Structures are given as structure tokens and as C-alpha cells.
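Chemist: The listed protein sequences derive, respectively, from chains D and U. All residue numbers for the first sequence refer to the UniProt record's numbering, where the first residue is 1 and numbers rise by one. All residue numbers for the second sequence refer to the UniProt record's numbering, where the first residue is 1 and numbers rise by one.
No lab work stands behind these hints: they were computed from the structure. All values reported here derive from a predicted model rather than from experimental measurement. Worth double-checking, as some hints may not be accurate.
If chains are identical, the list can't say which one is meant, so a pair holds when it fits in one copy or spans any two.
Below, computed lysine to aspartate or glutamate pairings styled on DMTMM-like, alpha-carbon distance capped at 25 Å [to be verified]:
#  : residue 1 : residue 2
1  : Lys376    : Glu490
2  : Lys565    : Asp501
3  : Lys49     : Asp388
4  : Lys579    : Glu497
5  : Lys334    : Glu168
6  : Lys565    : Glu497
7  : Lys336    : Asp589
8  : Lys547    : Asp321
9  : Lys579    : Glu490
10 : Lys384    : Glu281
There are 2 protein chains.
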Amino acid sequence: MADYKAPLRDMRFVLDEVFEADKLWASLAGLEGAVDMETADAILGECGKIASQVLAPINREGDEVGSTWKDGVVTAAPGFKDAYQTYVEAGLNGLGGNPEFGGMGMPKTLVGQVEEMVQGSNMAFGLAPMLTAGACLSLNAHGSQELKEKYLPNMYTGVWSGAMDLTEPHAGTDLGIIRTKAEPSADGSYLVSGTKIFITWGEHDMAENIIHLVLAKLPNAPAGPKGISLFLVPKFLVNDDGSLGERNAMSCGSIEHKMGIKGSATCVMNFDGAKGWLVGEENQGLACMFTMMNYERLGVGIQGVGAAEASYQNAVEYALDRIQSRAPTGAVAKDKVADPIIVHPDVRRMLMTMRSFNEGGRAFSTYVAGWLDRAKFSDNAEEKKHADAMLALLTPIAKAFLTDTSLEVAIIGQQVFGGHGFIREWGQEQHVRDIRITQIYEGTNGIQALDLMGRKIVGNNGAFYKLFEQDVNDFIASQAANTAAAEFIEPLKAAMENLADLTQWVIDQAQGNPNEIGAASLEYLHVFGYAAYAYMWARMAVVSLPKANEDFYKAKLATARFYIKRVLPRYIGLSAVVKGGSESLYELDEALFVTA
Amino acid sequence: MADYKAPLRDMRFVLDEVFEADKLWASLAGLEGAVDMETADAILGECGKIASQVLAPINREGDEVGSTWKDGVVTAAPGFKDAYQTYVEAGLNGLGGNPEFGGMGMPKTLVGQVEEMVQGSNMAFGLAPMLTAGACLSLNAHGSQELKEKYLPNMYTGVWSGAMDLTEPHAGTDLGIIRTKAEPSADGSYLVSGTKIFITWGEHDMAENIIHLVLAKLPNAPAGPKGISLFLVPKFLVNDDGSLGERNAMSCGSIEHKMGIKGSATCVMNFDGAKGWLVGEENQGLACMFTMMNYERLGVGIQGVGAAEASYQNAVEYALDRIQSRAPTGAVAKDKVADPIIVHPDVRRMLMTMRSFNEGGRAFSTYVAGWLDRAKFSDNAEEKKHADAMLALLTPIAKAFLTDTSLEVAIIGQQVFGGHGFIREWGQEQHVRDIRITQIYEGTNGIQALDLMGRKIVGNNGAFYKLFEQDVNDFIASQAANTAAAEFIEPLKAAMENLADLTQWVIDQAQGNPNEIGAASLEYLHVFGYAAYAYMWARMAVVSLPKANEDFYKAKLATARFYIKRVLPRYIGLSAVVKGGSESLYELDEALFVTA
Chain D
1 MADYKAPLRD MRFVLDEVFE ADKLWASLAG LEGAVDMETA DAILGECGKI ASQVLAPINR
61 EGDEVGSTWK DGVVTAAPGF KDAYQTYVEA GLNGLGGNPE FGGMGMPKTL VGQVEEMVQG
121 SNMAFGLAPM LTAGACLSLN AHGSQELKEK YLPNMYTGVW SGAMDLTEPH AGTDLGIIRT
181 KAEPSADGSY LVSGTKIFIT WGEHDMAENI IHLVLAKLPN APAGPKGISL FLVPKFLVND
241 DGSLGERNAM SCGSIEHKMG IKGSATCVMN FDGAKGWLVG EENQGLACMF TMMNYERLGV
301 GIQGVGAAEA SYQNAVEYAL DRIQSRAPTG AVAKDKVADP IIVHPDVRRM LMTMRSFNEG
361 GRAFSTYVAG WLDRAKFSDN AEEKKHADAM LALLTPIAKA FLTDTSLEVA IIGQQVFGGH
421 GFIREWGQEQ HVRDIRITQI YEGTNGIQAL DLMGRKIVGN NGAFYKLFEQ DVNDFIASQA
481 ANTAAAEFIE PLKAAMENLA DLTQWVIDQA QGNPNEIGAA SLEYLHVFGY AAYAYMWARM
541 AVVSLPKANE DFYKAKLATA RFYIKRVLPR YIGLSAVVKG GSESLYELDE ALFVTA
Chain U
1 MADYKAPLRD MRFVLDEVFE ADKLWASLAG LEGAVDMETA DAILGECGKI ASQVLAPINR
61 EGDEVGSTWK DGVVTAAPGF KDAYQTYVEA GLNGLGGNPE FGGMGMPKTL VGQVEEMVQG
121 SNMAFGLAPM LTAGACLSLN AHGSQELKEK YLPNMYTGVW SGAMDLTEPH AGTDLGIIRT
181 KAEPSADGSY LVSGTKIFIT WGEHDMAENI IHLVLAKLPN APAGPKGISL FLVPKFLVND
241 DGSLGERNAM SCGSIEHKMG IKGSATCVMN FDGAKGWLVG EENQGLACMF TMMNYERLGV
301 GIQGVGAAEA SYQNAVEYAL DRIQSRAPTG AVAKDKVADP IIVHPDVRRM LMTMRSFNEG
361 GRAFSTYVAG WLDRAKFSDN AEEKKHADAM LALLTPIAKA FLTDTSLEVA IIGQQVFGGH
421 GFIREWGQEQ HVRDIRITQI YEGTNGIQAL DLMGRKIVGN NGAFYKLFEQ DVNDFIASQA
481 ANTAAAEFIE PLKAAMENLA DLTQWVIDQA QGNPNEIGAA SLEYLHVFGY AAYAYMWARM
541 AVVSLPKANE DFYKAKLATA RFYIKRVLPR YIGLSAVVKG GSESLYELDE ALFVTA
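Kindly generate the complete structure, drawing on both the sequences and the hints.
Modeler: Set out below in C-alpha cells:
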């Protein structure tokens, strides 16, 4: 099994050369010179070492042994507790946190690269800091000053971890129907009762305390999503001096047996009148959640790319090492009984597909992170508003397209190994099982597609789409004189024209029939994703063309060409599928779906 | 978790109405009236019961516990031994076997349906009869009369099972480089020595003896694939009176830890001068294997469809039961807090996609099985030759397209469940893990695509393709006056015109550059597959149109329309991908694939 190698060179390319991070960061008032590429390099290098040397080595055993539950106590998978200590001591846990409470205030453009390495080397582990960061985001945005002072510092250092408690057995996508209740107490706190499921790292032994953010309903709250409030419920109550008090009335009833991310504990959490504090306004719980949603959804997309990169690295190593049959154009390794399988066109097709998705995904996630940074750190109201609109549009694409393509990458990465890819020891099948969850949690990819198509496209009659289109068109216009780039720009132009046409088509269809939105959504999101990656590849190619004699840029251009010629055209078929409409989805009566 | 329900109604439709099995069977001299639809119905009904009542109930535990190895002894997963007994006592094991030695001589058109139910209810179990059947096919075709008399009867009854020993640690796709040796003994037998891996059910406790067919090299055999011979190597030597003698010098060194099909034992087999007998001619081992290859490859495709059907059944049950959010067109289940998720367009898209692939796959596998039957049972040399050509062409498509689409189906079937799809107890993630192997073993799907594109298309300049095209065109011509069928026929015509164009394009490209074959192969196979399924759907629609007032046919037509409008158009994008050519696959130097 290959080691994990942090893709630092490509991260630097994306940050520094493609998106000119130094310029971006310097332009954002809220960042106040907190970071430049030099600092970024140091952080990325340090994280890369931890990923390779600490997190990757415990990934396989974490999958085999898993986290375990006994009588309500969860023991993290072997090695995870020590690794967590190393991770938080390196200061990585509070990287994106609010400096007022001990966070490092770093932009998502940088934090996203760190996340890729952590998730790529060990996704089950990476979920712990990811959930803590999400809980901190909500708390920081909506909690009272008192709550923030009491909880955030220890969460940023990682002494305490965070968990998000949304789902209930009967309520996943539809949070409006949750049943967990919160009764007000005389002291201003609440007593929370109910059962939550799928609570990632809801219980474990890596941190001293676990701070849960729990969605619950107040007495007499309105029905549906407008009657949900958010509560902070700590595993151990915290005394006024900051020391830990008694155990709260909550417990982990069991952990799930899952397909993947087995190193992580996915908990059933029972709240039996647990003491909690309101975060944000009453009945505004969902809005409080949405604050962190854009960050977390992009983070899930990045998880996919991280693990897909690990799969790619293994596949390349195997393809260079494994010898089997001869190249179609004649023997290459004449001193051996067969050639390394990388000589075969279909193996190259597989590896190039993996590269083009991974590097495209890394660029796209950084592009979206740039809008998160503008929305958060700009002091210009216009720029903030523009960034918010871009985020609203692009976040569901980042979540779903990055994870859908990452599953494809991981399946290919397994296929390169032939029969060995099916054997657990080689590690490739674990990536498939781990990545699979990224298409499901944090809003299934179907829900992402519906959000995109319904709220972000049809809901505003394409207004957000026009902003993205303008961004791409500005880039295209800037390359008008760059004839060498035409091989990338022209296909991008065609993909964007198709996307514009398809967008309008769906908007028109939806006027007469609301079912057209959901009928079009999944494939529409993919068509959008392929065009967005074409934009990324064109931008990367434009940067690389003047340096085409250097290996790194040569490889970048080759991969760009592959993407344009061998991947991008898929959108043509998918667009035709979208135009197949919704009619054939509703011809069959529900009862007739059952196998006769 | 839903129960497995044998899709008998659809099997009957495909056999009786679409392919008119009674007519086909009656026309084949070699079948000698062995079977008609009435017999077929009885066999299918009996098998359906065993699948639902015996095999499906032990599928989940088989996955959780697996088969286990201790000191060379393999214990089959819990319940498997009893189930095996039930299965063989029902007479299902020798269904396709040679009647001269106790087989039932049934055609593959029927046996394929049985396989679908067995594999669909429990793929890990199904591998045992599948491997035995494969070994019997080779032995029956190439073994001496003595070997056949000695071994086949007990293999057909299932008292003994069979195993195929091809792969070695360094030799999978490239069998020409195997190292296992066979030294001739004075008594006409051979001593076989070497290590084989990935030997499915190579060792277990369900049958009294295990008959291995082992590829090995004779002393001074030519290098490469032309120096391989096939040997029969029994676990226990068989005395002349048929009783079991001493244990042969072979052992199971370990079993693999796999992603799926965990109920089955995947064995490392060590041969330490084990006594064996030559099957077929010296150095003709690969040819002997190819006899069973077409059967087994189609069988693997059927495995995929079987498990995909099980996934579909669960998904439908869940989608009818699970309530979450409201239909886009307004509340449907007004007495509940939410609607069943089957009201949502994206859920319907998922279920309809599953239906269209499963039913399309069932029809296509039966169509291909029809050519197997003609090739085997016809007494007309022309018909045999025609059937052999069709099989050569269609077998790699059946293997790879059925399994690729089945993985898509299983992934969708998991997605319908949201977070619950990731939890093992629900059974949906197991189908993903089980089906995944079908894309890998019996020749990876990449190898299938290369076989199709290289040997079966370019290798004969499209001659085999013309036969298939003629078959489809004959059907299209027969419907010239059927205006009601035009909605199916016209898109089929367009798909076939595109396929013809693409076929010629690849043949032309390959003249100048052999890499074009492998570069085009995978996506070409998919383009072919989509067209072939369009042919199946058009045939099924034509049969259904006159009975459109009955539920079954109404559902069939709705699914046909969905396939035509919402799935088939994918080929347009894939064809453009194929025409992207091979150039961009070879721009990147091997060393530059490694992550910088």
C-alpha cells in the first residue's frame, strides 16, 4: 500500500498562480494581513507532514478495527487519540477560528487545502476536526458573548470537540418534523429531550468534553422548519471557572455499523433532560445551521477530493510497478516478461481521468473558497453581496460534483488494481467505501441538486447564474488575443453556451410544472459541474502555457487537454437527458413500482 | 430490510413473449424437446422459492461473519452448508449439464433466469454453483471420456463442487506468464506445483470433494499463452470405485479479506506436487478455458443484474414507506406530516433508472443466452457459425455493460435510503460491495472492452458488428407499419446510426495507431450497450403496446419511455468522448504521473 504524499506542489500552483491568493488575501480588510503565501506554505508543509506521518499510517487499522462502543463509552479507533493530540498540538484545529477567542482567523482558501490533506490521509479521523470547526462556526456567528467566551477557546485548541445533532430516526432531509424538545428552565437554560441519530463523533475519548449543537423544538413552537431552535448541550457541564462539572443527562446509545468511515463513531445520542443553552434566536435554529452549511458542504466536497487523491497516488504507483501484457505498440520493458500496465491506453485513460477530476476539483474548491473568503472578510458591501450570491449558486455544485466525481475516481483507482483492488489490504476499496458517504451526508447529492435547480436557478430566474456566467465570460474575453489558449477557450465557450441554453430551458419548463425542477436537477448539476471544471482547466492551462517547458506545467497542460477532449463532452449527452423532461417520471403509478 | 422476491413475471415476459422461447427451444435439435415453457415455469417457480426462503435470509449474516479459515480448513459462512444441501437436492446444480453424465441439459435462456435469482438473493453463495458449472463445462467439452465419467456425475449433483484455478500473484490478465508447473508421471498423471490466488470456493466444507481445474505449464512448454495446459486436480483422489481416497498434496494457505462477497471463500491454493490429469490437449489450456468463458462472462453479467434487482426491490419498499417533505405539486399524504419520498421527481428518476437498467439487462442477457443456445444446440452449421459470431461480439458487452450498469443501480439503490443506505443493517450497501467484484473478475471490464474493440470489432473489420446491425435492422424493418411504436423505433434507429458511424470511425483510426483501440474501448462498449438496451426496450415495447391496458404492460411501456428519453441520450456524449482520440492519453510521460 502506497504512502500518502501531500500534493503541496499543486496546492501552491492553485493558490499562488491560478487564484493569486496573496493578492486576494491582501485585498480583504477582515484578514488584516493575517496570512501570505509564505505563512501558507509553512502551514501546509506542517500539515502535510502530519497527514503523511501521523494520519495516513493509522487509516487502515482504523477501518479494520473501527471505533468501539461499550456501555455508552466510545473508544476511538487505535491510534486516533494520540493522533488527535498531535493534530491539535500543531495548532491545526482552530485554523479558521475567530482570533478573538483563540482561533487563527485563516481564510478558507488556505484552510481548504489543510482539510484536503487531513481528509485525504484519514477521512474517519478528519471528521472530528471538521465537526468541531462546523460547531464553532455556528456558535461564533450566533452564540451570546458569554457562550462564545466559555466554549470557543477550548474548542479551537481541540481540548474539547464539537458535534452537530440534527437528524432523528424519522427526520433527515425534512428537519421540520423533528421531535426533540427543549423546555425552558428558570435559570435561562433549557432541558433537552429526544433522540438524535447519525451524530458523527458524538461520543469518544479523544477530547475532554464534547460540545453538541442540537436542533430541538420549544414548547408551542410553530410546526415545520420555522419552529426549530438551536441549543448548545455539553457532555460535561462547565463550571464558571472553566473547569468541568457533572456529566450532563445525555448518553450515546449505540454506534452504527457502516459501509465506510469506520474509524469514526457515528452515534445514536439520547438526551434525557440534558441541560442546554439557546444559540441564536428562538425558532431560528435552521438559519443558525445554514451559517456553517456553505463551509461544511464545501468541506465535504474537499473530503471527496482528498480521498480521491490518495486513491490516485496508489493507482499510479501500482500502474508503474505491476507488469502485465505488452504495450499495443510493442514491448517496452524488454528485459521483463511484460510491460508495466501504465503503457496500456485504457490504464492511461483511467489515470488521466483521475488526475483531471482531482486537480479540477482542487481548483474548483479553491475557487469557491475564494468566494467564502470574500463574503466573510471583505468590508465592501457590494463585494460581499456578490460573493454571497456566488456561494449560494456554487456550494451545492461543489458538494455534489466533487463527491460524485470523487467516487468515480475511487472506483477507477480500485479498477486499476484488478483483483487486488477488491482486497482490503491494498487500501483502494476503503477509499470507495469512505467516499461513498460524502454523496449522502450534509444533504444528499439529490438534495444539493434540488437546492441548485430550485432555489438557486429557477427561484431567482437565473440571476445568480448570470453572475457566474459573467465571471467566466470575463475570463474568456481576457484571453481573446491568446491564440495558444484557443484549444481550451473554445470548448469552454461551447460548454457555457450549452449551459446557458439548458438553464433557460429548465426555467421555462418549470413555469408550467414544478416537477420539472426535480426531474432536471441531478443531471443539470453535472452539466454545470463539467462546465465549471472546464473553466478551471482553462484557467490552469492559461497559467501553464508560458512555462510549458517545465515538467509540472507540461503535466498540467496534458491533463487539461485530456479533460477537454475525453471528459468534458459528457455534458452533451447529459443535456439531452435533461431535455427528456419529467413526463416519463410520472407515467408509472406508485403501486406499479413494486416488482410483480 | 426487504425480502427478495423472484421477478418471475418479468422473466416469463422476456422468455415467452419477447423471445418466444418455446419456438426457439423447439427449433434446436440438440434440445430434443427437453424443455418447454411449462417445464420452465415449474423450474423457475421452485428456484424462486429457494432464493426467497433459503438463500436471501442468510445473505446478511454471510456478509457479516463470512467464510472463515483455520489451519487450512475453510468453514462456509453460517447457514451456507445447509442451504447448499437444499439447493443441490432441488436438482438445480446440474441444470445446464450434459444429460449423458447426469446433467439436465437445459438451455442457457432458462438457466440464466435461475442464475439471476440465485445470485440476486445471495451472490456469495451463488458463486459455488457458478464455479462448479464452469468447471463442468470445460471438463465436458475437453476432458477424456474417463475423466468425464469419473467426475461429472458427482459435480452435477453437487456432491462435489468445482473450482477454476487460473490467477497467480504476478499473473492475472496476462496468464501467459504463469509459473505453476506440471510434471508428467509414469502412470499418465501429472504432479502439479505452484501457487494460485483468488480461487473462489477453492476450499470449503459444503461438498465432499472439490475438483480444481488448474492452468499450469508442462516442462519445455513454449513461453506465453501457447504454453499453458489445463489439469484436473481433485482435493481428494478418487478411487476406481468412485469412493474418495487420500487427500491430494494441495492446501488452502489463506483466504482473502475482501470488500464484498464475504460469504464466499476466496482462496490462496498451494499445490505441492498434487496429482492431476490433463484436460484436453497439451498447451491448449487457454482454449479449454475459453469454452466456458462465454457462459461464465454472461453469468457474471447476470450476477450484477440479480443483485441490482434485489437493491431495486428494497429501494421501492423504502420509497413507498419513508415519508419526508412534500411533493412539489402539493401535499399527497395529507393525513401525515410528510409524503412518501416516491412522490419526489428525483426519487422517481432514481427508481426508474434502476428499473430501466434491470429489465433492460434481463432482456439483453436472455437475448445473448439465446445465441449461446443456438451455438450449442443447433444442428445447422450456418446457424451455429452465426451464433458463434454474435456471441463473440456480444459476450464482452454483456459482461461489462450489465455489471457497470448494475453498480450504478446499486449505488442509486443505496442513495434512495439517504443516510440509512450507508448503514449495514439495511442491506443496500452490501449490494454495492458485492456487485463491485463483477466489474473486476472474469476479465476486468477494461479487458472486456479491449476484447470487444480489438478482436471483435477492429480485428474483423466490423464483420461481426454487421451481423448485429442486421439483426436490429430486421427488427426495425418489421415495425415499419407500426406507427404506435415509432417513439421507440426512431430513437433506436438514431442510436444504431451513431453506433455504425462510431464503429467505422474507430476501425479507421486504428489503422494508423494501435493505441486508438484501447483508447476508445471502454466508452465505445458503453455506447454499444446503450444502443443494445434500446433494441431490447423497443422489442419489449412492441410486445407490450397491444396490451397497454394491463398493469404489467403499462409499467413496461412507461419504463421503456423513461429509458428512451432519460437514459439512452447518454451515448451522445460518450461518442464525442471516444472521438476525443488517444493523443491526450500519451502526452504525459510516465514519470510525470507521480504526484509532485
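Chemist: Each of the hints needs a verdict: does it hold here or not?
Modeler: Quick rundown of the hints versus the structure:
Taking the shortest Cα distances, Lys376 and Glu490 never come within 25 Å of each other, neither inside one copy (34 Å) nor across copies (54 Å). In this homomeric assembly, Lys565 and Asp501 come within 25 Å of each other (Cα to Cα) both inside a single copy, at 22 Å, and across copies, at 19 Å. Within a single copy, Lys49 and Asp388 get their C-alpha atoms no closer than 34 Å, and across copies no closer than 58 Å, so neither meets the 25 Å cut-off. In this assembly of identical chains, the alpha carbons of Lys579 and Glu497 lie at most 25 Å apart whether taken from the same copy (15 Å) or from different copies (21 Å).
Taking CA atoms no more than 25 Å apart as the test, Lys334 paired with Glu168 passes between copies only; the shortest distance there is 22 Å, against 61 Å inside one copy. Taking the shortest alpha-carbon separations for Lys565 and Glu497, both the intra-copy value of 17 Å and the inter-copy value of 22 Å come in at or below 25 Å. Proximity of Lys336 to Asp589 under the C-alpha cut-off of 25 Å is restricted to the inter-copy arrangement: shortest distance 20 Å between copies versus 61 Å within a copy. Taking the closest pair of Cα atoms, Lys547 and Asp321 never come within 25 Å of each other, the shortest separation being 30 Å inside a single copy and 59 Å across copies.
In the homo-oligomer, the alpha carbons of Lys579 and Glu490 lie at most 25 Å apart both inside one protomer (24 Å) and across protomers (17 Å), since each shortest distance falls under that limit. In the homo-oligomer, the alpha carbons of Lys384 and Glu281 lie at most 25 Å apart inside one protomer (24 Å), although the nearest pairing across protomers, at 78 Å, exceeds that limit.
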